[in-house]
Amino acid sequence: MNAMPPPQPVLEVERLSTVFDLRAGTVRSVNDVSFSLKRGEILGIVGESGSGKSVTGLSVLGLIEPPGRIAAGSIRLEGRELTTLGDAEKRKLRGNAISMIFQDPMTTLNPVLSIGRQFFEVINAHRKVSYAAALDEAEAALVQVGIPAARERLSSYPHELSGGMRQRVCIAMSLINKPAVVIADEPTTALDVTIQAQILYMMQNLVRDSDVSLIWVTHDLSVVAGLCDRVAVMYAGRIVETGPVEDVLGNPRHPYTRGLLDSIPGDAEPGRLLRQVPGTQPSPLDLPQGCSFRPRCSQARDECRNELTSDQVGPDHFVRCLFKLGGD
Amino acid sequence: MIAFIIQRVFQGAAVVLAMSLIVFVGVYAIGDPVEILINPDADQQTREAVRQSLGLDKPLWMQYLYFVKSALHGDLGTSFVFNIPAIQLILQRLPATLELALTATVLAILLGIPLGLVSGLNDKRWYSRMIMAGSILGFSLPTFWVGLILILVFGVWLGWLPVYGRGDTVRFLGVEWSIFTLDGLRHIILPAFNLALFKIALFIRLTRAGVMEVVNQDYIRFANAMGIKKARLLWRHILKNIMIPIVTVIGIEFGSVVAFAVVTESIFNWPGMGKLIIESINHLDRPVIVAYLMVIVVMFVIINLLVDLLYAGLDPRVRLGSSNR
Amino acid sequence: SAAEDVVIGVRTEAASVDPHFSYVATSKAAVTNIFDTLIMRDKDLQLAPALATSWEHIGDGVWELKLREGVTWHDGEPFTAEDVLFTFERAPNVPNSPAPFGQFLSQISDAKAVDDHTIHITTRNPSPQVLFDLAEVPIISKHAGEGAATADYNDGKATIGTGPFKFVSWQPGGALKLARNDDYWAGPSEFENIEIVAMPNDASRVAALLSGDVDLIDAVPPESYETLENNDGVEIWKTPDVYTAYLHMDTDREVSPFITAKDGSEIKNPLLDPKVREALSLAINRQAIIDRLMNGLAQPAGQLAGPTMTGFNPDIEPGAYDPEKAKALLAEAGYEDGFKITLHGPNNRYVADAQIVQALAQMFERIGVATEVETMPANIFFPRGSNREFSIFFLAWGSAQGTAWHGLRGVLMTYDKEKGYGPSNRGRYSNPEVDRLTIESMSTFDVDEAARLSAEAAGVAFRDFAIIPMHYQMNVWASKDGFEYEPRQDQMTLAYGLSSQQ
Amino acid sequence: MSDLGLNSGASPKFTGPMRALGERSERLRNFLLEYAHSPIAVVGGGILVLLLLIAIFAPWIAPQNPYDLASLSILDARLPPGSESYNGYTHWLGTDGVGRDLLSAIMYGLRISLSVGVLSSLFALLIGMFVGLFAAYTGGRTENIIMRIVDLQMSFPAILIALILLAILGRGAEKTMIALIAVQWAYYARTVRASALVEREREYIEAARGQRLGHFRIVSRHLLPNCFAPLLVVLTVQVAHAITLEATLSFLGIGLPETQPSLGLLIANGYQYLLSGSYWISIFPGVALLITILSINLVGDRLRELLNPGMRR
Amino acid sequence: MLGEIDRTADKKAVQTAAPYVEIRNASRNFVQKMSPVEALLSRAGMNYSDRVVQAVSDVSLEIPRGTALGVVGESGCGKSTLGRMAAGLLSATNGEVVFDGERMDAGHAGMSARDMLRVQMVFQNPMASLNPRQKVVDIVTEAAVYHGLIRRRERQDFAAELLREVGLPPDVLNRLPHQFSGGQRQRIGIARALSVSPEFLICDEPVAALDVLIQAQIINLLLELKERRKLTLLFISHDLGVVRHICDEVVVMYLGRIVERASTADLFARPVHPYTQALFREIPRIRSGRRAYEPISGEIPSPLSPPTGCHFHPRCPCVMDKCSVDTPPLIPVGNGRVARCWLPSL
Ligand SMILES: Nc1ncnc2c1ncn2[C@@H]1O[C@H](COP(=O)(O)OP(=O)(O)OP(=O)(O)O)[C@@H](O)[C@H]1O
Ligand SMILES: Nc1ncnc2c1ncn2[C@@H]1O[C@H](COP(=O)(O)OP(=O)(O)OP(=O)(O)O)[C@@H](O)[C@H]1O
Ligand SMILES: [Mg+2]
Ligand SMILES: [Mg+2]
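Protein chains in written order, with our numbering: chain A, 1 to 328; chain B, 1 to 325; chain C, 1 to 502; chain D, 1 to 313; chain E, 1 to 346.
What the hints contain is simulated information worked out from the structure, not anything from laboratory work.
Where a beta carbon is used, it is the ideal one built from N, C-alpha and C, also for glycine.
Treat the hints with caution; some may be incorrect.
Cβ pair distances, simulated, as ranges [to be verified]: (1) GLY140/D to ASN122/B: 53 to 59 Å; (2) PRO80/D to SER53/B: 49 to 55 Å; (3) PHE30/E to ASN216/B: 50 to 56 Å; (4) PHE30/E to PRO225/D: 39 to 45 Å; (5) GLN277/E to LEU306/B: 27 to 33 Å; (6) GLY140/D to LYS157/C: 46 to 52 Å; (7) ASP182/C to LEU306/B: 29 to 35 Å; (8) PHE30/E to LEU60/B: 47 to 53 Å; (9) PRO225/D to ILE22/B: 34 to 40 Å; (10) PRO432/C to GLU84/D: 32 to 38 Å; (11) PRO169/E to THR309/A: 31 to 37 Å.
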């Protein structure tokens, strides 16, 4: 059905499953996950810790290492299938066509190499440039992410920078080769609110000014609300609800999404008990049959034990639940 | 940094003082050197006279104070056995020991680190397991025993390599060296290997542990995510990080190589300090024992200082002098 | 045929090449390669002419020595009586000497040059002792040695001798390098260059010979004797040693530190009783020790002096082995239940010392004396022994001068600090008869008479089992095939003794 | 009480692969199972147990008491393996230079070597543990001084300290142990301090203080148990090290007494014979020593892997 | 039951007007001293000095009985240090902490250990705050047994009761901490604090490390406990939403100093200090939807060398000349609230 195709998505992930074969059993971290990303779009992925957000991101970059493996599914970047690429080809793409930012800015930079040197390494991995030229480029990139006295910073070492600075450096590095897609794995979780705000602000501008597409992984719904165009809610390795931010957050159709929203104290009446979801996430070693949220779901019924499909409930809004919550 | 160096010097001085006192008391406790040095024929008066001339008739504390006084003037005493200034005796032998220890250390680095890298990067492969098994073996073989076997196999049975001494030496920088002559090199192979064996095993494991730790670090993941090529990753990103702990250990172990040279030197008749100290203990040649320990302590202070400086050079996070780590 | 250059591995290194710095056998050996004495001892300890061609007592304790003519120092200067007088002056006065030469010149009250090649030596006691003493004192040159300190000898400045080899270099712990003296009065050595290396580790020394790195080694350990002997590429050279191994006993104190009853209670020192000492001697199977532990490289002994020495008493039988009689003697002495002793010994000093001590313990056990063994390095053993911390201990005595009275004076005479008697009498045996005979023997001019007196003294002491002689050690050298070495009783390893086999 | 998160009665789900029952034996079993995943470590452990049994029961299983000089005879000296002694006993591994049956000597030597190694390491562990914990918990100047001493001790080569100490103390098993303790304690002190420094900053220590527990209790119940794993790893390394060191000291002529030879001393005594063809006197004890240290190292290695994956020596 | 342990009955009777918990002008410095050699060299004119961090400076607070005070601020502003001083785990460099009429800061011999049990703490990191080698039953009963509040043989029942109270099934008594999820661990930590019947509970970011769903569970638990046990809370958090939900009054800190104090309702209705305003602006909110951020500029300065005058002045949008020179005092701005700012508009 390619009638009137909307702008071709830059990244398409289809039915991706990633597992880790451990001695204790198979950890199914990512289960049948599909999403796509348009040019210039910001997709938020939210979910509890351990819901498979990072593994999804790493899978897209082909960074899953044994005992992990991509068990099924396809990942297409600008139409090119990534899952079948060899190691060297994948390396060529990484940091070039697609790159990633990690959660902890304190540990993602190599402590013994200067910032400038690390920039050079990243640039040089994909383009042959002189060290001096790389530094010039790096300086420009640092200015772009709002680092003052950028030139001096290039000769600093990571430990001489604050957490916020380091995260900016990482962002600049991930963007330096003008990738089509950047995956940011909770890049602001470890930072203070004021710094987080600075970074979000900067990212918004960056995306607006270039046509890079961004996947923003977080567990903070309010960040998604403030930053993203679309959101995918993950639970136990599955995307349980996805759609435009306004729709999903304004009118959640999955009990889990609802639970997430209700748990945030911000808008509840102070002093009152919050509406809470009991229990904890299932172990990825033995996920429940059917809907994995079933054991914690107040709506659960026997039918929830059957395999579920993702149903469309609105424009671009999909829910993986038998009993969608009422559409307000 | 200056404060740091001064601090180290003070510490070194304190150790030297403590060490010399301990050795004085210790050697005194072992016995009277004259009884060993003298011709058994000698009559009692002669013995008395010798004791007097060597200053051994005085109470121990006086001997010690006298020693400290002359040590402050740069005189560590004269060997009872050789009547040569103890420090000269030791410095004469120092090159031989240093040469042996350095060769062993270089050998250990050249063999240990690459093997460690290989086994750390390909953790699960059969050859990594072989390397690890070999390293355990290297840990388990007592030095003296290996030395004898080496002599037996390569010296006596096969007759390939010489088993005693340094062979031909050449003068370089005012010191005799054997590593610069072919014959000297032939002579150093066995003892250096003997001494290095344990360290090779150690470096294999250190490197491997380092690699396995560094490889799991976020910054390596990030570098991977940025598409940096494997070889580059190894040389630039991994190696530099693992070198930091390894350099420290190399420094510290160099000291223990010098110390363990005692064993190797006496097996291979290597004319170094280690052999000297054994003989000096055998003869209760106190000035030499004290001077030897002092040289060792000074060497340690210097090595540690160098290691720390190097460490600071390698690891930008290190600030010298912050005594609370 | 052998090479021009020779490497010799020796067990103990020289302390100095200053010939008068320290009187220890190993230094003496090293120095003897370079310097000559007036009178020398040949390989069988007999006195022989060296720099002195003849000596004669011309009355009143004055000896006239004729010096060898035409001898030149290594630097070409002629050798004269002045050099001898200079030597006599310097030898006892080397600063810091741990084993001074004074004792060998103490007999000389005066020495003067009659002409360039004749000197007169006046002695304090009328005895031939001075001749033996002169054999110990290397003669140095006056012109090179004037004002020279030990250090000047060590670095070669003053090391100008008349001996068979010239000094080239020496490093403590390293090698002593020598070059042939082509003008040696007794004829030049066959070998151009000599290197003498200290190799204290027995196995390494043997390995070095086997691997061909050295040409001659001394102090062949008995363990390796057989192998070397069966090796076609190696020749063995051996001779009796001047060292006699013996057991020293506390024969003085009523209560001795390491002797108790078998139940651990204190008892009167049984070693005071000669019967007990004899019993212990009879318990020892000397031949077994020699055969099993020393590979046959020793002779059973019954006295301190060896058979070739002046003053050897041929009437004293080597100690017999008779455990039954030993038990009987113990019973007779009132110790039918035995007692308990700890036997001490060094473990790095004498041939197979630690093993011998254990073997002795085995043998004592068999006659009912419970024996513990404690061995220790010589550096601890000797000071403790001199402190009289032991009750019965194993050691050896070397009579390097080849005379019996030395041993008697050192080991068996009553300990007397003032007169200098019995300095090594660590068991404090005391017998006036032995003292008298020994003193007499030492001051007798006639050598034969002195020998007779010594032998008589020995007879008294050993009938008393003052000490328990064990065996005479053997000196063994091993060389590569194609060399010949002249083994010496006094243990010295001399490069001049080495020649190539025709 | 309202439902605060767990459906009462429903057993809670736990994350992580370790879902064992909390019993101690169960943990031990799990640990052993985990250990058993490395076959070579199992072999090493098996051999070590065997050696320990031999060492413990040596007096009952050894054909001869090699320490009893009365039962030895030099007439039996240096018999090759398999020969018969004159009282009819077969020496399967031959005899040494003074007539000891080597098989028995090795069993007894193993006993001595292991007990010297293990005991000295244990004592050193105790001392080092105490010093290190004290330093870490006290902090400040005291810690600084203690750690300087530890540094000094560590930077000074063990073998030299032992050499000089033994020259002073003389020979004997206890004295060797004292020397070995003296050279080893610092390793433990440093190890335990390193982990105590980390642990003491952890919140559970603060929590214990918040519960107003006494210092002694905090150190003994909270700090110590959490610093123990690396100590255990160091212990295995050090036991092997101590045995080697003892052997080396005995080789150098100090250390254990001649009449009660450890493996090291047996090797040392026998090595003179290596060149003379009586290889067995030195080779067999050498192999025994090698196997002992090897098996200890294998076990230690595995423990290190399990307890302390990131540790560096 | 648990309520039995009541050592304070008589003290309550003599209650005065004095506030229940009071922190008076408390400061806390962390000093890294020069080594002796460095000290010598610094005398000789070289550039060495002690490194001083003023983690908390001149903080005064009162917490009435039964209320909850929130402390908010960015990382490193001294929240935990303040909490630890209040818990008597850290001594104040200056000033004092008074609990129910008695001084109780660590290092001051005012209160006995047993009395100090009335003040307890809940920690941020649920894994690190439990001894990994202690079983649950030991964790929650150790102090009670140690201080003789219960007998050893009562442990099991006592522990089971506590666990029930915090919502854990009693069959977990013999498990080890690693066998629990983060939320469950935090419940254990709370049970431990409750085991000695505290009256004053200091919670140092107890939910920061938890997922939202779990966070809600723990918040509910704390609310319930506060109610049921009549607890007084000092609640430290960087999450304004959580603070708003739990606390009656809020203190905003910046670089060791209080910059604003007000009742929760007032503060959320109208933050006055520019820093507080910035904080409020920057918390992302779901309802507000997608929006353009206007972040406050600059980074938090290093506490080693804080800016002169008002610490906030380098980042302040309304900075005046005076701000960089003089430190503003805490100025009352009506309704019992105070703010540390020179702005006349306050
Ligand atoms: N290398 C690995 N080996 C085994 N299991 C893994 C591995 N990496 C991830 N997992 C498992 O996969 C699941 C998903 O992990 P993931 O890191 O994607 O979670 P997340 O959503 O990113 O959580 P967080 O918010 O904590 O980062 C988890 O249950 C985790 O235990
Ligand atoms: N033990 C200590 N030694 C030295 N400095 C300390 C110590 N504890 C805290 N500090 C310093 O005091 C300041 C305040 O620290 P504190 O932990 O109270 O901040 P916080 O507000 O709790 O921060 P966070 O939100 O990160 O927990 C920080 O700069 C910190 O570096
Ligand atoms: Mg993640
Ligand atoms: Mg904090």
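Going down the list of hints, with the structure as the test:
no., hint, verdict
1, GLY140/D to ASN122/B: 53 to 59 Å, "46 Å, violated"
2, PRO80/D to SER53/B: 49 to 55 Å, "54 Å, holds"
3, PHE30/E to ASN216/B: 50 to 56 Å, "33 Å, violated"
4, PHE30/E to PRO225/D: 39 to 45 Å, "29 Å, violated"
5, GLN277/E to LEU306/B: 27 to 33 Å, "55 Å, violated"
6, GLY140/D to LYS157/C: 46 to 52 Å, "60 Å, violated"
7, ASP182/C to LEU306/B: 29 to 35 Å, "52 Å, violated"
8, PHE30/E to LEU60/B: 47 to 53 Å, "48 Å, holds"
9, PRO225/D to ILE22/B: 34 to 40 Å, "36 Å, holds"
10, PRO432/C to GLU84/D: 32 to 38 Å, "54 Å, violated"
11, PRO169/E to THR309/A: 31 to 37 Å, "35 Å, holds"
Violated hints for the displayed structure, listed by number in ascending order: 1, 3, 4, 5, 6, 7, 10.
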